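> Make a model of the complete structure from these sequences and hints.
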Amino acid sequence: MVQTAPPEVRDLSSSVSSHKGDRVFNRVITGAAFTALIVLAGITVFLGAQTVPVLHSQGLSFLTTTVWNPTATPAQYGILGMLYGSLLLAVIALVIAVPASLLLSVFMVFMAPKKVATVMTNVVDLMAAIPSVILGLWAFYVLNPAAVEWQKLLNQYLGWFPLFKNDSGNFLGTPFIAGFVLAVMMIPIVTSVTREVLGRTPPELINASEALGCSMWTMLRYVAIPFGRGGIVGGIMLGLGRALGETIAVFFVLKLVFNINFFHIIQSGGGSVATLIVSQFGESSGNPETQALLAAGFFLFAGTLLVNILANLIVRRTGRIQS
Amino acid sequence: MTTTLFDNSRVSELRLQQAALPWRRRTANFRVAVAIAVIVPPVIVGLLWFLTSIPKPILMLVIYLPLQLIASAIAAWSQRGTKAVLDSAIIVCAIGATIFSFVILISVLWSIVSNGVHALSWAFLFQNNVYISPSTPLGYGGVGNAILGTIMVVVIASLFAVPLGIATAVYITEVRGKAVPYVRFFVQAMSGVPSVVAGLFILTVFILTGVLQSSGFAAGLAYAILMLPTVARTAEEVLKLIPDDLRTGALALGSTRARVVMKVVLPAAKTGLITAAILGIARVVGETAPLLLTALSNDQTVLNPFNQPITALPAYIFSNVAQPYPDAVTRAWGAALVLVILVAILFTITRVLTAKRVRR
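Residue numbers (the working numbering), protein chains in the order written: chain A, 886 to 1208; chain B, 2 to 361.
Since the hints were derived computationally from the structure, they do not count as laboratory data.
Note that the structure is predicted; figures quoted are calculated from it, not measured.
Where a beta carbon is used, it is the ideal one built from N, C-alpha and C, also for glycine.
A portion of the hints provided could be inaccurate.
Over 10 Å on every C-beta distance to chain A, these chain B residues come out as not near it, computed from the model [to be verified]:
| id | residue |
| --- | --- |
| 1 | 41 |
| 2 | 46 |
| 3 | 124 |
| 4 | 266 |
| 5 | 302 |
| 6 | 337 |
| 7 | 354 |
Listed below are the simulated DSBU-like cross-link pairs for lysine-lysine, each with C-alpha atoms no more than 35 Å apart in a straight line [as the list claims (entries may be wrong)]:
| id | chain 1 | residue 1 | chain 2 | residue 2 |
| --- | --- | --- | --- | --- |
| 8 | B | 179 | A | 905 |
| 9 | B | 271 | B | 179 |
| 10 | B | 241 | B | 179 |
| 11 | B | 241 | B | 271 |
| 12 | B | 241 | B | 264 |
| 13 | B | 264 | A | 1000 |
| 14 | B | 179 | B | 84 |
| 15 | B | 179 | B | 57 |
| 16 | B | 241 | A | 905 |
| 17 | A | 1037 | B | 57 |
| 18 | B | 84 | B | 57 |
| 19 | A | 999 | B | 57 |
| 20 | B | 264 | A | 905 |
| 21 | A | 999 | B | 271 |
| 22 | A | 905 | A | 1037 |
| 23 | B | 264 | B | 357 |
| 24 | B | 241 | B | 357 |
| 25 | A | 999 | B | 264 |
| 26 | B | 179 | A | 999 |
| 27 | A | 1000 | B | 241 |
| 28 | B | 84 | A | 999 |
| 29 | A | 1140 | A | 1050 |
| 30 | A | 905 | B | 271 |
| 31 | A | 1037 | A | 1050 |
| 32 | B | 57 | A | 1140 |
Take a look at the structure:
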């Protein structure tokens, strides 16, 4: 009789395996899992390193002035107008996109028949997949003429209100148009999150509230929206992060000016950090200006990272409360 | 994101309840009131639209919307009292927002199709842009080199992002190490990196230092940064759906954990992982800013991804928008149409794959 050796004794516990192949596998996978961290740290270190000489030569005026003059001696770089412009565009986009996407998701979750809602979900996802350069193309040739007409009407009837003042008669390249394009980009992003969050409202609660005589509005106000508040805020901030970093769609429809356009949203001229980088990069006159653009990119990165982290913390915290 | 799972028996139970909801019953009077509220305002506005010269935006926003709100409020009030007024307002606004969003989407898609179709020809799809200037008439030159460039850049990006993204997901769902919350957190944070920053990063690290030239490979690296979080998050969702019985079963048969993952879990999740990869590709295929910073542009057909600038579709569109020549603009629309068709194909593949998985 042939004696077979007893099988090798192995630890079958689920946490750490003593098997050599497993240890190698674990190490490789763990290493790969930290790519995200490495990339984020890399961006911080490399772009941060480019920021140092710029801040050294410009001082804080890099962040607090509005002059961009690479040919002056010494060269002057100030991105305050761009930082403010990015925020202004984001605010305009939020004002349009937040009500629109909330109402859209309310319609999809609570009003539309199931089949219609499924089709709409697909359509909204498709909308999210349209590349921003194409939205820019559309905005330049299709939205621009229409938006000019809207802005003229706004100016004609509400021009006394400082927000809608326009002295130049030039209605192209305004923050309003750029903000509108950003809103078009944000709507599908925000909607896909709010739709999921509202869809998770327990049906028992909805039925119970209806049985108690709640109208749709009361149900939304006291059941669905409080239930999904965190997710809704998080979704809005995810969209905001995307809007702050958007470059190309804004590039075509915003006239980039370095002076701050405080709140004349239908007056030509505004700023955006991301667009500044692309528009100046092609003609950047060698190393110092490229470096200033890289520094601007660093602050853009820092800002969007902050917004995005906050958004995720909010979404995650409410996720924990719900489950 | 975690999804709440209902078991099917409970869903059908809820559906039974749905059928009996007495407060959802509509009376005949109610239907008549709603019908009047739905028909009267559009008719009035329709008449104003054709008979007066009130500017259309004012007509819709300042006359129609309030009129519709008031009509619905009256209908709701007459049937259900004051409480229903706000209710009717939110319904009108929700339908309005839906129409608004869809008008925009249709406007975008229609403008791409109607303008882009004029540019389409075999020459446009297969020729490159050597000897072509913005004023060259249609029929000469095209996006052949840009299509090839897009494919090249996306493939390079996938070579990095797909394995790393799946590995990240495997770490979260299979290895389940101590760092899982942190890895998740960093992947989420990475998904918020603006595309222009990804381009700048590759520019500083590889191009300004002279390691790489502006090339398809550099652009592929920038795309990979944008692609990785999408792949990782989708793959994580997919791997979570693989039942634990498969894992414990394989372990009980004596396989090592590495084999469980490689021979059982990943093959079982194959369709889902392909979906994850395609979603990642769809996320990046239209990104322009990284291309402008890392790949520049090139009128010639480029086959070597390392040694020279390369044009991809988004960059081609970018360079042709806002040109003073109508033919160049038509080319931009044509390239946009090609890009949208590409995205739509990717999108349809993911839907078909997901539908299959759900049905099974």
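> Tell me, which hint numbers fail for this structure?
Violated hints (numbers, rising): 6, 13, 14, 15, 22, 25, 26; every other hint is consistent with the structure.
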